[in-house]
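Heads up: the sequence lines are chains A and B, in that order.
One point on numbering: in numbering that gives the first Met the number 0, the residue at position 249 of the first sequence is 248, and numbering is uninterrupted.
One point on numbering: in numbering that gives the first Met the number 0, the residue at position 218 of the second sequence is 217, and numbering is uninterrupted.
Worth flagging that the hints you see were computed from the coordinates, not collected in a lab.
Honestly, I wouldn't trust all of these hints.
To be verified - Not everything, but these chain B residues come out facing chain A in the computed CB check (under 10 Å):
(1) 59
(2) 93
(3) 119
(4) 143
(5) 149
(6) 150
(7) 153
(8) 155
(9) 156
(10) 159
(11) 161
(12) 194
(13) 197
(14) 200
To be verified - Some residues of chain B that are not near chain A, with every Cβ distance over 10 Å (derived):
(15) 55
(16) 65
(17) 110
(18) 132
Small disclaimer: the values here were computed from a predicted structure and weren't measured.
Glycine residues also receive a C-beta, built at the ideal position from the N, C-alpha and C atoms.
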Amino acid sequence: MDTIDQIAAQPEDAEKDSSVPAVAVEDLHKSFGTQRVLNGISLTVKRGETLAVLGRSGTGKSVLLRLIIGLQNPDSGSVRIHGQDIAGLALDDLGEIRKKMGFLFQHAALYDSLTVEENVAFPLQHHKQEMSKSEQADRVGKLLEEVGMEGALQKMPSDISGGMQKRVGLARALALEPDILLLDEPTAGLDPISSGEIDDLILKLQAEHHMASVVVTHDLHSAKAIADRLALLNEGKVVIEGSFEELQNSDIEFVREFLKHS
Amino acid sequence: MIDKKFTALAGVNPPQPEKGILLDAPLANPSPGSISKFLEWFGDLGIFFWRVARATVTPPFEFRELFRQLDEIGSQSLPLVALAGAATGVVLSLEARYSLTRFGAKSLLPAAIVFSVIHETGPIITGLVVSGRVGAGIGAELASMKVTEQIDAVEASAVNPYKLLAVPRILACILMLPLLTLAADLCGLVMGWVAQALVEPLSFHQFINSGFKGADFNDFLPPTFKTAVFGLIIGLIACFQGMRTQGGAAGVGRAATSSVVLSSLFVILADVVLVKLILIFFP
Ligand SMILES: Nc1ncnc2c1ncn2[C@@H]1O[C@H](COP(=O)(O)OP(=O)(O)OP(=O)(O)O)[C@@H](O)[C@H]1O
Ligand SMILES: [Mg+2]
Numbered sequence: 000m001d002t003i004d005q006i007a008a009q010p011e012d013a014e015k016d017s018s019v020p021a022v023a024v025e026d027l028h029k030s031f032g033t034q035r036v037l038n039g040i041s042l043t044v045k046r047g048e049t050l051a052v053l054g055r056s057g058t059g060k061s062v063l064l065r066l067i068i069g070l071q072n073p074d075s076g077s078v079r080i081h082g083q084d085i086a087g088l089a090l091d092d093l094g095e096i097r098k099k100m101g102f103l104f105q106h107a108a109l110y111d112s113l114t115v116e117e118n119v120a121f122p123l124q125h126h127k128q129e130m131s132k133s134e135q136a137d138r139v140g141k142l143l144e145e146v147g148m149e150g151a152l153q154k155m156p157s158d159i160s161g162g163m164q165k166r167v168g169l170a171r172a173l174a175l176e177p178d179i180l181l182l183d184e185p186t187a188g189l190d191p192i193s194s195g196e197i198d199d200l201i202l203k204l205q206a207e208h209h210m211a212s213v214v215v216t217h218d219l220h221s222a223k224a225i226a227d228r229l230a231l232l233n234e235g236k237v238v239i240e241g242s243f244e245e246l247q248n249s250d251i252e253f254v255r256e257f258l259k260h261s
Numbered sequence: 000m001i002d003k004k005f006t007a008l009a010g011v012n013p014p015q016p017e018k019g020i021l022l023d024a025p026l027a028n029p030s031p032g033s034i035s036k037f038l039e040w041f042g043d044l045g046i047f048f049w050r051v052a053r054a055t056v057t058p059p060f061e062f063r064e065l066f067r068q069l070d071e072i073g074s075q076s077l078p079l080v081a082l083a084g085a086a087t088g089v090v091l092s093l094e095a096r097y098s099l100t101r102f103g104a105k106s107l108l109p110a111a112i113v114f115s116v117i118h119e120t121g122p123i124i125t126g127l128v129v130s131g132r133v134g135a136g137i138g139a140e141l142a143s144m145k146v147t148e149q150i151d152a153v154e155a156s157a158v159n160p161y162k163l164l165a166v167p168r169i170l171a172c173i174l175m176l177p178l179l180t181l182a183a184d185l186c187g188l189v190m191g192w193v194a195q196a197l198v199e200p201l202s203f204h205q206f207i208n209s210g211f212k213g214a215d216f217n218d219f220l221p222p223t224f225k226t227a228v229f230g231l232i233i234g235l236i237a238c239f240q241g242m243r244t245q246g247g248a249a250g251v252g253r254a255a256t257s258s259v260v261l262s263s264l265f266v267i268l269a270d271v272v273l274v275k276l277i278l279i280f281f282p
């Protein structure tokens with residue numbers, strides 16, 4: 000018989016328990032050679048919450064996302080997903096955690112030997128074997144429709160534009176209905192209309208699936224639209240974290256400078 | 000040439016070759032620190048081998064990928080291997096005729112051709128041709144996937160990239176090499192016979208009969224199956240060099256080149272050991 004305590008200690012419950020943050024990074028440090036990129040970053044994102052990460056080019060926003068999903072290891076500090084520390088996990092255990100995470104790469108990173116449709120079907124083929132081929136195809140169709148790419152099913156990634164690749168990458172990241180979404184500049188390179196559509200999609204997903212999202216962006220307009228909180232990075236540290244209004248009212252020199260130019 | 004001598008005399012260090020192709024091949028670039036670099040490379044290769052081995056024996060198995068790779072590697076290499084085997088057969092045949100006639104042992108001609116093709120030239124030619132064709136192909140393909148973050152994307156989708164990308168390619172190399180060797184052997188023997196038959200009439204049947212006289216399976220099976228080891232070396236090194244690539248498009252070129260250089264080199268080195276082992280175990 001499981002006691003109540005034992006049940007509460009199970010990770011499945013931690014996912015539903017909204018007091019355990021979906022993503023919690025603590026005091027992350029990361030250097031490449033002599034170049035210090037992250038110098039003590041701590042952030043948490045709860046379920047149903049969207050955090051926008053802002054910062055100048057080269058401050059390590061992409062590196063931060065890669066650390067969160069375990070593609071790179073921090074020099075020190077910890078990354079917890081639903082309360083579980085991912086450091087030192089075997090590839091298969093990390094895989095179990097990654098199935099619940101969707102990741103959009105800055106340059107989309109579509110598989111260039113597969114069509115758009117196959118790219119989006121890839122996670123389903125590997126993790127949803129219980130779905131029939133036609134169910135998978137339906138789901139892929141729906142995902143591509145949501146990002147406005149339903150007309151390009153049979154195209155190769157090299158034959159579509161960068162912004163289109165980005166949208167296909169987003170559809171792929173959503174394929175497994177993740178509860179954590181990590182997006183590296185989802186609207187970069189998109190026109191204002193598509194960009195607005197992607198923002199709406201992220202908001203909709205957040206409302207429907209109660210996802211936790213970390214969105215790296217240069218686009219303040221979209222950050223304001225989708226994010227509950229914003230974090231501004233500079234020189235490896237979080238300069239300020241808070242709502243858009245808090246950022247606007249800040250009198251930290253770098254924050255004012257950053258907002259003035261955007 | 001003169002420049003080199005001059006700088007050496009003057010005690011000036013000759014310019015170091017650019018950290019390019021040889022970056023990953025410290026063997027070919029002996030300089031201080033290259034021994035520890037080589038050991039590090041070898042250690043990384045060992046870890047890679049271990050991961051691949053574990054991914055090979057744990058389900059799920061990527062059968063579809065394996066068949067695709069078998070087809071790809073087989074069809075890429077077959078024409079080249081057949082041509083190389085045929086050319087070697089002709090050359091061997093001409094050379095053997097010349098020397099054996101000189102020593103008055105012309106009756107041994109078919110046997111000399113059959114034995115050298117099957118024992119050594121067929122397997123090693125196949126190994127080297129496949130190193131070039133498939134080594135470069137796999138090295139460049141995986142390297143370009145690495146630098147465009149496609150391998151990271153595989154990993155981020157919770158799929159083991161060793162299982163999806165490395166294992167099928169390495170297994171396909173291991174399985175394909177002996178088959179390609181048979182093709183090279185066959186082409187070598189046929190063309191060896193043709194080269195003889197053009198000089199003096201001799202039926203293929205006679206040629207084979209006298210060539211294989213006194214031969215048994217020990218002459219045939221071990222040298223053919225040793226090429227599975229060549230396949231392992233080619234697949235392993237090409238996948239390793241590809242998947243550890245860094246540095247954009249230039250890195251892709253380096254990975255392709257170093258895959259070919261290193262896999263050919265290790266195929267030849269392995270052959271030395273394998274020939275000796277076969278002589279010991281299958282006298
Ligand atoms: N694998 C790596 N090896 C060496 N340096 C790296 C590596 N990855 C990132 N860096 C360095 O880390 C720094 C941060 O890179 P990152 O890609 O995270 O920047 P970013 O904030 O995402 O910038 P952008 O907004 O332009 O995408 C850069 O200076 C980069 O040179
Ligand atoms: Mg970036």
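Consistency of the hints with the structure:
1. 59: Because about 8 Å separates residue 59 of chain B from the closest Cβ in chain A, which is inside the 10 Å limit, the hint holds.
2. 93: Check failed: Cβ of residue 93 of chain B comes no nearer than 44 Å to chain A, outside 10 Å.
3. 119: For residue 119 of chain B, the interface hint is violated, since the closest Cβ of chain A sits about 37 Å away, which is over 10 Å.
4. 143: Hint holds; residue 143 of chain B Cβ to chain A Cβ min 8 Å, cut 10 Å.
5. 149: holds, 5 Å
6. 150: Since chain A brings a Cβ to about 9 Å from residue 150 of chain B, closer than 10 Å, the hint holds.
7. 153: Holds. Min distance 8 Å.
8. 155: This hint holds: residue 155 of chain B lies near chain A, its Cβ roughly 4 Å from the closest one there, short of 10 Å.
9. 156: Holds, because the Cβ-Cβ distance from residue 156 of chain B to chain A comes to roughly 5 Å (cut-off 10 Å).
10. 159: holds, 6 Å
11. 161: Because about 8 Å separates residue 161 of chain B from the closest Cβ in chain A, which is inside the 10 Å limit, the hint holds.
12. 194: The hint is violated - residue 194 of chain B has no Cβ within 10 Å of chain A, the shortest such distance being about 43 Å.
13. 197: Nearest chain A Cβ about 46 Å off; hint violated.
14. 200: It is violated, given that the least Cβ distance between residue 200 of chain B and chain A is near 53 Å, above 10 Å.
15. 55: holds, 14 Å
16. 65: holds, 15 Å
17. 110: The assertion about residue 110 of chain B holds, with a minimum of 48 Å to chain A.
18. 132: The claim holds: residue 132 of chain B sits with its nearest Cβ about 19 Å from chain A, beyond 10 Å.
Of the hints listed earlier, those the structure fails to meet are numbers 2, 3, 12, 13, 14, in rising order.
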